[in-house]
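Enquirer: Spelled out from the first residue to the last, the chains are:
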Amino acid sequence: MQYASFVIESSDTIQPLSPRPPYEAGDEEAFYAHVGSGGKVEADHWMPDAYRAAVLKFVEMHANSELMGVLPERDWIMRAPNLRRKLALTSKIQDEVGHAQLLYRVAEDLGKPRVRMFQDLLDGKTKFHNVFHYPTRSWADVGIIAWLVDAAAIVSQQALRDSSYAPYARTMKKICWEESVHIMHGRDVVLTLMNGTDAQRGMVQEALDRWWGPLMQMHGPPTDPAKDKDLHWQIKAKNNEQLRQEFLSIYVPRILELGLTIPDPGLGYDEAAGRWHYTEPDWVELKSVVTGHGPASQERLEFRRTSFADTQWVRDALLGGAAAAA
Amino acid sequence: MTERIWEVFRQQDEGDPMVHAGNVNAPDDELAVHYAREMYGRRGESHRLWVVARDAITELDDPDLLRPPFDRSHKKPGGYIIKHKLEAAKQRAAAEAGEGSDE
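Residue numbers (my numbering), protein chains in the order written: chain A, 18 to 343; chain B, 198 to 300.
So that you can see chain A by itself, here it is in the shape it has in the complex:
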């Protein structure tokens, strides 16, 4: 009888032993190799200043956007057509403020105090997404925003679930789950209007005509992959153009099947190239809007400034009280 060798051989049923952490504190090259190849970073890990600053900027803008994003919708709580819509809209707004709080929390752990983030937002030093700088004109806007703006946001946020910065990635998973409810609410509002009267259908088309431009700008201009640090360091996993293409692929058919017209005659799918072509968005408008020159930018920032001043007594009571008890 020939017996096989009974030395325990390595096989794929044995788990590979975990390597030591692939970078020492201070080793920038090893750190970037780690994040570039799918490695994760926690809040208490050493990270190069440039990476920390890049993540902070990204998360802070996201937090600002959630906070400012409630203002267009807030106007409609008292104008909702029925109680269920009022509850759904109020709940959505509550969720978005919660998302802002989750994201400011992530940003705080990177080293910037929350009150400084609020101050920078109110002083116009930090930005928030373009779509929240525009006014709303009708109930149809509420449906279009909750459906398509949230959809465009969720396309970005799903990609961010793989972010190298783990606390952000985990927060994105929670946020994506909650946003999916918002999209269903938005689509339900749009469908209800589209199944109503000619006037209601006209209202939806008119809202879409106004929101299509900002939606196409929302993911940002195509960036040069070679220069996109957020991409290299896996802070984000997909580039702007990929996100826009993904949004179009999912949502253009869903818009057209309702009988709506998309106000871009240049929009179409190129089978050979495997991508959507469209009229180049107005990047000058985008730049102007996000730097505070949008039609509703200052009105909304002014509202936030007033709220911030009016609620100082609450912060004093909470934090002053805790200091007194300590």
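No incorrect hints appear here.
Beyond 12 Å from chain B on every Cβ pair, some chain A residues (computed): (1) Ala97; (2) Leu248; (3) His294.
Just the calculated beta-carbon pair ranges, DEER-fashion: (4) B:Gly212 / A:His62: 32 to 42 Å; (5) B:Asp268 / A:Ala50: 24 to 34 Å; (6) A:Ala289 / B:Lys282: 53 to 63 Å; (7) A:Gln111 / B:Asp226: 15 to 25 Å; (8) A:Tyr286 / B:Arg239: 39 to 49 Å; (9) A:Lys190 / B:His244: 18 to 28 Å; (10) A:Ala216 / B:Pro214: 52 to 62 Å; (11) B:Asp226 / A:Gly291: 54 to 64 Å; (12) B:Asp259 / A:Met201: 41 to 51 Å; (13) A:Lys190 / B:Glu293: 56 to 66 Å; (14) A:Asp44 / B:Asp259: 12 to 22 Å; (15) B:Met215 / A:Leu335: 24 to 34 Å; (16) B:Arg289 / A:His62: 49 to 59 Å.
It should be emphasised that the hints constitute simulated quantities derived from the structure, not laboratory data.
Note that the coordinates shown come from a computational prediction; the quantities given were computed from them, not determined experimentally.
Cβ coordinates follow ideal geometry from the N, Cα and C atoms, glycine included.
For chain A, the structure is supplied; the task is to place chain B on it using the hints.
Expert: The following block gives chain B in isolation, referenced to the frame of chain A:
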């Protein structure tokens, strides 16, 4: 700033393990519980929450202790590969039984 960080653990359903869900920033434990409920319980998604001050948590992340670079396969089912030994034993037993019947 007298705010502290509180780590929040949640239990999905009765009997489930407590799972880390995130953290909140609050000046005291009473507010921390309220904030935790807002963030991790408002939608009825949690059966229970634990709210723990971050500085009360003792962490171990030393890879030398948790995943030392030695062969520890004897501690795992995958470290016992019996396929060839079992084949050999079965063949030997079958052969012996065959020899026995030949006698």
